[in-house]
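There are 2 protein chains.
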Amino acid sequence: MTRTIDRRTFTALSLASTAALLTGCAHAGPGPQLDSTGRRTGTRTQVTILLYPGTTVLDWVGPYEALHRVNGVEVVLAGKTTDIMKSDSGIVAYKANVSLEEITRTDVLLVPGGAQGMMTAANDPVVANWVKQIDTTSLYTVGICTGSLMLAHLGLLQGRRATTYWKFSDMLAPAGATFVPERWVKDDKYWTSAGVSAGMDLTLALIADLYGDKAAMMAQLAIEYDPHPPYNAGSARTAPREIIEALGG
Amino acid sequence: MTRTIDRRTFTALSLASTAALLTGCAHAGPGPQLDSTGRRTGTRTQVTILLYPGTTVLDWVGPYEALHRVNGVEVVLAGKTTDIMKSDSGIVAYKANVSLEEITRTDVLLVPGGAQGMMTAANDPVVANWVKQIDTTSLYTVGICTGSLMLAHLGLLQGRRATTYWKFSDMLAPAGATFVPERWVKDDKYWTSAGVSAGMDLTLALIADLYGDKAAMMAQLAIEYDPHPPYNAGSARTAPREIIEALGG
Numbered sequence: 332m333t334r335t336i337d338r339r340t341f342t343a344l345s346l347a348s349t350a351a352l353l354t355g356c357a358h359a360g361p362g363p364q365l366d367s368t369g370r371r372t373g374t375r376t377q378v379t380i381l382l383y384p385g386t387t388v389l390d391w392v393g394p395y396e397a398l399h400r401v402n403g404v405e406v407v408l409a410g411k412t413t414d415i416m417k418s419d420s421g422i423v424a425y426k427a428n429v430s431l432e433e434i435t436r437t438d439v440l441l442v443p444g445g446a447q448g449m450m451t452a453a454n455d456p457v458v459a460n461w462v463k464q465i466d467t468t469s470l471y472t473v474g475i476c477t478g479s480l481m482l483a484h485l486g487l488l489q490g491r492r493a494t495t496y497w498k499f500s501d502m503l504a505p506a507g508a509t510f511v512p513e514r515w516v517k518d519d520k521y522w523t524s525a526g527v528s529a530g531m532d533l534t535l536a537l538i539a540d541l542y543g544d545k546a547a548m549m550a551q552l553a554i555e556y557d558p559h560p561p562y563n564a565g566s567a568r569t570a571p572r573e574i575i576e577a578l579g580g
Numbered sequence: 332m333t334r335t336i337d338r339r340t341f342t343a344l345s346l347a348s349t350a351a352l353l354t355g356c357a358h359a360g361p362g363p364q365l366d367s368t369g370r371r372t373g374t375r376t377q378v379t380i381l382l383y384p385g386t387t388v389l390d391w392v393g394p395y396e397a398l399h400r401v402n403g404v405e406v407v408l409a410g411k412t413t414d415i416m417k418s419d420s421g422i423v424a425y426k427a428n429v430s431l432e433e434i435t436r437t438d439v440l441l442v443p444g445g446a447q448g449m450m451t452a453a454n455d456p457v458v459a460n461w462v463k464q465i466d467t468t469s470l471y472t473v474g475i476c477t478g479s480l481m482l483a484h485l486g487l488l489q490g491r492r493a494t495t496y497w498k499f500s501d502m503l504a505p506a507g508a509t510f511v512p513e514r515w516v517k518d519d520k521y522w523t524s525a526g527v528s529a530g531m532d533l534t535l536a537l538i539a540d541l542y543g544d545k546a547a548m549m550a551q552l553a554i555e556y557d558p559h560p561p562y563n564a565g566s567a568r569t570a571p572r573e574i575i576e577a578l579g580g
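These protein sequence lines are chains A and B, in that order. Residue numbering for the first sequence is 332 to 580, as defined by the numbering used here. Residue numbering for the second sequence is 332 to 580, as defined by the numbering used here.
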């Protein structure tokens, strides 16, 4: 006879999961506090993620997965419309929960990357004007992967240090930004990360900046972020030359 | 005057992105080959990801983001219906591209985790029977995070070594599986990972198993997976005791 998890155990799992959702797992952190510059006085942090057709999904799902578990953080997914969109690969269908016009200010603005879709969005006046307007209200403006190129294209990274996806590092200079080959870079309120998966590292640092080390460690454990990649090939600084060349770098 | 990326540069970016999509960035790897056991002879690998309401999004987006870039891999998102679903947090809206009944076999079956939603799906006869049927056709059956508990609940991990989300490690034994505290565990064709973000590490190993080290390294660089978490708190083996207790562990 097939052994399955019996009803009592599965109920216990249910209760454990529910408890986790109600306490630590979903809501990590001791709660809001003033940041080191005294800039924040509120107890809630609204993080608004810009979604557009053609995003690289991990660019925003990585940050989302850590942020939504932090006590005090509200994650809002905003798009030009709330219609269904497709990812850069055409495979993942997703949608925003609110339209851009519903968001007039935010604490953290996060712009994910994409390829053609990012450029189309950056050149769409509705999206571009919204990003520039919301940026005037934000405590943090974050670009993940080529999302930082959208910020640069809109003039927000002029004279600043920043980073982006490794293949496009020379695209920051034409917009007046200086490329820094780090996993993530902060210059005043402008935080940018390297490609795709780097958004998770930036986000943990951002959570620490908002709510302290303990909250960030809780978020890290909540998503069991104990990375063990089987190779040391995740950066243009460490990957074998043939791997870089195979990707056109 | 605001400096923006000029048209010529942006066009170059467009061309670079397009080239990347057509070559290395989107399609990493030298192409299919026989695996070490000689089990595979085809040139394509179909990876079917089971989506259900209440998934933990990073559980499947992490693997997806690496897999879809591998030359020869087709990623299919399958659900009981193709209606819009919400994630475990209620924040992310996503949808499957095909219904379960459209998939009668696959090379790789990947089951992501969730909390209540995972249990509801595991107890839905349509989903449960589909998973058990597809498993009879797969070359690999993969459980990410509590996705491995669904596999266990359906009797697929009996007598096998497996892993799951750190908080639920004692939920495998009642289904006859032995918990192994590793980032990912393979036992014959059954591969399971630790929580949430661990799916990326498992996936790179899976790509290597399918297509070799070079393909896996290309996928790793394509998603710039060079993790630098700011703390060593991502595992119950390394996190401070107070962090584990704060999450109810």
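There could be a bad hint or two in this list.
Identical chains blur together in the list; that is why a pair holds if it fits in one copy or across any two.
30 Å max Cα-Cα, derived DSS-like pairs, lysine-lysine [to be verified]:
| id | residue 1 | residue 2 |
| --- | --- | --- |
| 1 | K545 | K463 |
| 2 | K545 | K426 |
| 3 | K517 | K463 |
| 4 | K411 | K520 |
| 5 | K411 | K426 |
Note that these hints are calculated values from the structure, not bench results.
Have a look at K545 and K463 and pick one of within, between, both or neither, based on CA distance no larger than 30 Å. neither (33 Å within a copy, 41 Å between copies)
Intra- versus inter-copy proximity for K463 and K517 (alpha-carbon distance at most 30 Å): Classified as within; 18 Å inside a copy, 48 Å across copies.
Homo-oligomer pair classification [K426, K411; C-alpha up to 30 Å]: both (10 Å within a copy, 19 Å between copies)
Is it within a copy, between copies, both, or neither that the alpha carbon of K411 lies no farther than 30 Å from that of K520? within (24 Å within a copy, 44 Å between copies)
State whether the alpha carbon distance between K545 and K426 is at most 30 Å within one copy, between copies, both, or neither. Neither, since 32 Å and 35 Å both go past 30 Å.
The earlier numbered hints that this structure contradicts are 1 and 2.
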